[in-house]
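**Q** Listed here are the chains, written in short residue letters.
There are 2 protein chains.
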Amino acid sequence: MVNGDKDVEILIDRSSQIPIYRQIVARIEEMILGGRLPEGFKLPPERRLAASLEVNRSTVLAAYRELKGLGLIDSHVGRGTLVRAAHPATDHQPSAGDAPGRTQISWRQILGDYQPRIPDPLIRDLLSLAERPDVISLAAGLPASELMPLETIRGLLDTLLTRVGPAVLQHSPTEGLTRLREAISRWLVSRGIPCRSDEVLVLSGSQQGLDLIASELIRAGDEVVVEEPSYIGALPVLTASGARLISVPVDGEGMRTDMLAAILDRRRPRLIYTLPTFQNPSGAVMSLERRQHLLELAARHQVPVLEDDPYSELRYGGARVPSLRALDSTGVVLYLGTFSKIICPGLRIGYMVAPRPVLQQLVLAKQASDLHTNTLGQHLVERFITEGHLEPHLTGLRTAYSAKRDAMARALATAADVLRWQAPEGGFYFWCRMTRRIELSRLLGHAADAGVAFLPGASCFAAEPAESYVRLSFSFPTETQIAEGVGRFVEAVRCTAEDPRALYPEAAGTPPLV
Amino acid sequence: MVNGDKDVEILIDRSSQIPIYRQIVARIEEMILGGRLPEGFKLPPERRLAASLEVNRSTVLAAYRELKGLGLIDSHVGRGTLVRAAHPATDHQPSAGDAPGRTQISWRQILGDYQPRIPDPLIRDLLSLAERPDVISLAAGLPASELMPLETIRGLLDTLLTRVGPAVLQHSPTEGLTRLREAISRWLVSRGIPCRSDEVLVLSGSQQGLDLIASELIRAGDEVVVEEPSYIGALPVLTASGARLISVPVDGEGMRTDMLAAILDRRRPRLIYTLPTFQNPSGAVMSLERRQHLLELAARHQVPVLEDDPYSELRYGGARVPSLRALDSTGVVLYLGTFSKIICPGLRIGYMVAPRPVLQQLVLAKQASDLHTNTLGQHLVERFITEGHLEPHLTGLRTAYSAKRDAMARALATAADVLRWQAPEGGFYFWCRMTRRIELSRLLGHAADAGVAFLPGASCFAAEPAESYVRLSFSFPTETQIAEGVGRFVEAVRCTAEDPRALYPEAAGTPPLV
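Going down the list, the protein sequences come from chains A and B.
Position 447, counted from 1, in the first sequence is what the working numbering calls 447; the numbers after and before it change by one each time, with no gaps.
Position 151, counted from 1, in the second sequence is what the working numbering calls 665; the numbers after and before it change by one each time, with no gaps.
Quick caveat, the hints were computed from the structure, so don't treat them as lab data.
Please note that the accuracy of each hint is not assured.
As the list claims (entries may be wrong) - Derived lysine to any residue pairs resembling SDA-like cross-links, with alpha carbons at most 25 Å apart:
{"id": "1", "chain 1": "A", "residue 1": "K68", "chain 2": "B", "residue 2": "T692"}
{"id": "2", "chain 1": "A", "residue 1": "K68", "chain 2": "A", "residue 2": "P45"}
{"id": "3", "chain 1": "A", "residue 1": "K68", "chain 2": "B", "residue 2": "E696"}
{"id": "4", "chain 1": "B", "residue 1": "K582", "chain 2": "A", "residue 2": "P357"}
{"id": "5", "chain 1": "A", "residue 1": "K42", "chain 2": "B", "residue 2": "Q874"}
{"id": "6", "chain 1": "B", "residue 1": "K556", "chain 2": "A", "residue 2": "D198"}
{"id": "7", "chain 1": "B", "residue 1": "K582", "chain 2": "A", "residue 2": "R219"}
{"id": "8", "chain 1": "B", "residue 1": "K582", "chain 2": "B", "residue 2": "L567"}
{"id": "9", "chain 1": "B", "residue 1": "K556", "chain 2": "B", "residue 2": "D963"}
{"id": "10", "chain 1": "B", "residue 1": "K556", "chain 2": "A", "residue 2": "Q360"}
{"id": "11", "chain 1": "B", "residue 1": "K582", "chain 2": "B", "residue 2": "E543"}
{"id": "12", "chain 1": "B", "residue 1": "K582", "chain 2": "A", "residue 2": "S185"}
{"id": "13", "chain 1": "A", "residue 1": "K42", "chain 2": "B", "residue 2": "P871"}
{"id": "14", "chain 1": "B", "residue 1": "K556", "chain 2": "A", "residue 2": "R356"}
Next up, chain A with everything else stripped away, as it sits in the complex (with noise of 0.2 Å):
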């Protein structure tokens, strides 16, 4: 690897009309197609590049990004920035009708027509570093292997292929199939959940319901409430359907539904989005009074609430509270549930319950998006149900995850000089507020040394956060493991906090992980 690590001589013209973004990445595009950076050339850190250029960091931080997106760089976490292995759009021998030379379409000017739909997350960065094998992950929300039903899906698979045949390949309706339609109502109902099974509709995944509600019910413009801190996937799927996000403040108690009725009465939001219980990622559970007052604003201003509910069936302590669709008796719930956290997440089968009406115009746009679900993973989803496999399994997994909380909350409980949180009572996460506000781009390169992983806050807020939040999840690593992983990252907050590099710049514009 060429190590260029000095730097690289921009002219910038301010008195052109061009964005100066815009000319920094003209300018390194040709050094790199030049010749004159090669593969491998490691380019100033954004920060020295805006000093020297006397621009904002932002704006390098823009172009780094988009030569991201034309695939000239690559960064990597602790790394740095380097230029990638040049090729061409196909790298294929020419056939032979190929006219030699025959110049190459430009996708980038296509499609630099357009702003991507999605930004590109710089969180990218952070899901490969967990790769690696050295590296203990704190960061996705991925369900324990060790406590997947393997053996109950593979007899049930077996009797699938050999009973029914053929059917469990072949398509299936876009509903999704009647059986386990009327396999979830009954699962519903016997949680205190109402439900008729002509108001579920099955899902590739409980994304695909945020991706389809943002679709149909969201227009350019419209406002959306979302909680503060909110589900770090759900925030780009909104605002790709143009909506302009109200952030309400999650408590100990849930959504502040004191601000969202100030709110609803000066603003016409089309969609109130909440995770209501276990909240992804503060772990908050909302109480019953701010539950009913939440339907009661909602009913009254006419606004849908689309309550995500993920994690209420992994419950480790404490009392049960009835859902928002469960307290609902105006049919304002749009009610999303999965069975990735409870089964297994790699079969993608999610669901919405829907008022009919809704309902037919979400089935609509899901026909047209993959005109239905996986026809096996849903067979197998029923069986697992229908066959009673489902309450038995929860008993074990509630058991095997709040050891894997006590575990964490063990291994934190030595930091609190760096870190405050509270045991979640369900749910994957411990949410974490650092007692001093630090950069958590230098924390993320400290705890890559450290050989560990977790999501930065800041993801999980529409708006820079005022203060810094680390959230870690338990899930995944072994006890063991988690011991471990939090001592790395105790360690490497502490590092990050004696580096006087990473005291949060309070005159900065733009913060480094959106």
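Position chain B relative to chain A; hints supplied.
**A** Leaving out everything else, chain B in the frame of chain A:
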């Protein structure tokens, strides 16, 4: 069932600002909710109501569609349009905390704020017809259940769960499993299609590829070139993104590239969508000369080509023609493939081959849409290819489908007086032109009476075609069912041709099917 086959009294105010179809909706809704039209009441046929109100038939059609969307009525081929059973948005028992008599939320109003992204296809009635056990379906392009490699799949699943373990049930990368991307790349290269594994994006069925391309490349008002006729599932996805479709006719040698050339001289479409090999529905194969012409035009005008290629491995005669991707030297082609027709559709495994800058953007959109494709199905397809099951399986499929095609050709040979067609060299469909232009909704009725389903050709056109076409699929039924089904269909065509009401009304506005 109450048979209310008499006129419904509706007063229309022609001086009102409210569109007439809205007035019809409001009046019928009022009668249904007021109990004057009870559950099961049969509404007058569109044609009769239109005549009695002295409005266009399309106006009544629009009103009935809206009422259907509201969940108030349902229409059934052969049974007419009936008032649905009444039920509130949710019919569960009020919970303890409920304020009695709390107002239901008005989903009708919330949904009515926006035009649905995907219009309700009347074709749905047809698909429900095809589910009647007494009906032989020549409508949908389902692969044959009896040809699915059930035993091989059962063995592979067992091995995967035993040997690979929980990873086959865990989350997996949005791009697709690396092993599967490599297997697809190797398989494509073996078929003469250049492809690197990092150019492969695994999809939840190839339909998702259409959806992602539409959402990332197309913005409202953009023009998109489609073939005429084209794949029924593609047109609504493209128009949902706001695309204006420019249709280029297909003849025996595929898309008329001379006409495409004339269009590209004057317009600047964002995309050319083509099914060059065994086109759905026409069965046409684009000639080598046209393929080269298309690629030359696309590169010169810098317009991406989306090559949809589900059927090319199902060739029963004639010489292979290279895919557009194989002939492309400029990187202008996005190639869309699927295992639905050649392994099974229930796993929902498709893929796209695209230059890296495009792929990177599609990956982000896919992540927002469904995180990733189901992991179990991906492992299964990877094993199926890598262990060498695919090639012998394809040989068997070609023999069996070829025999089905021949059975349909024999059965249709007696119908030269009413239908014109050419046996396809591959794929799943016969595309038949009626010697007389007839109203396809009449034909649907007669066919339903006779116990056979088909796809009305108009569904495959962006604009109303000048002649009447039907698509007959031979893939799913057995050879015996094909003979019987075609016999029933031809009888229905003859009945319709003798039905004076079925002669196509030349002066009419909206066609009966979109």
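**Q** Keeping to a limit of 25 Å between CA atoms, is the pair of B:K582 and B:E543 held or broken?
**A** With a Cα-Cα distance of about 11 Å, the restraint between B:K582 and B:E543 holds, given a limit of 25 Å.
**Q** Given the proposed pairing of A:K68 with B:T692, does the C-alpha separation stay at or below 25 Å?
**A** Answer holds: A:K68 to B:T692 is near 21 Å, not above 25 Å.
**Q** Does B:K582 pair with A:R219 here, judged by a C-alpha cut-off of 25 Å?
**A** holds (24 Å)
**Q** Would you check the hint for B:K556 and A:Q360, treating anything up to 25 Å between C-alpha atoms as holding?
**A** Holds, at roughly 22 Å.
**Q** Regarding the pair A:K68 and A:P45, is the alpha-carbon distance no greater than 25 Å?
**A** holds (14 Å)
**Q** Given the hint that B:K582 pairs with B:L567, test it: the Cα-Cα distance must not exceed 25 Å.
**A** Answer holds: B:K582 to B:L567 is near 20 Å, not above 25 Å.
**Q** Would the pair A:K42 and B:Q874 pass a check requiring their Cα atoms to be no farther apart than 25 Å?
**A** holds (22 Å)
**Q** Going straight from one Cα to the other, do A:K42 and B:P871 come out at no more than 25 Å?
**A** Roughly 21 Å between the alpha carbons, so the hint for A:K42 and B:P871 holds.
**Q** A:K68 and B:E696 were given as a pair; does the straight-line alpha-carbon distance stay at or below 25 Å?
**A** holds (23 Å)
**Q** Please work out if B:K556 and A:R356 have their alpha carbons no farther apart than 25 Å.
**A** Holds - the C-alpha atoms of A:R356 and B:K556 are around 21 Å apart, at most 25 Å.
**Q** Mind checking the alpha carbons of B:K556 and A:D198 for me, to see if they're no more than 25 Å apart?
**A** holds (23 Å)
**Q** Does the structure keep B:K582 and A:S185 at a Cα separation of 25 Å or less?
**A** holds (24 Å)
The structure is consistent with each of the numbered hints, conforming to all of them.
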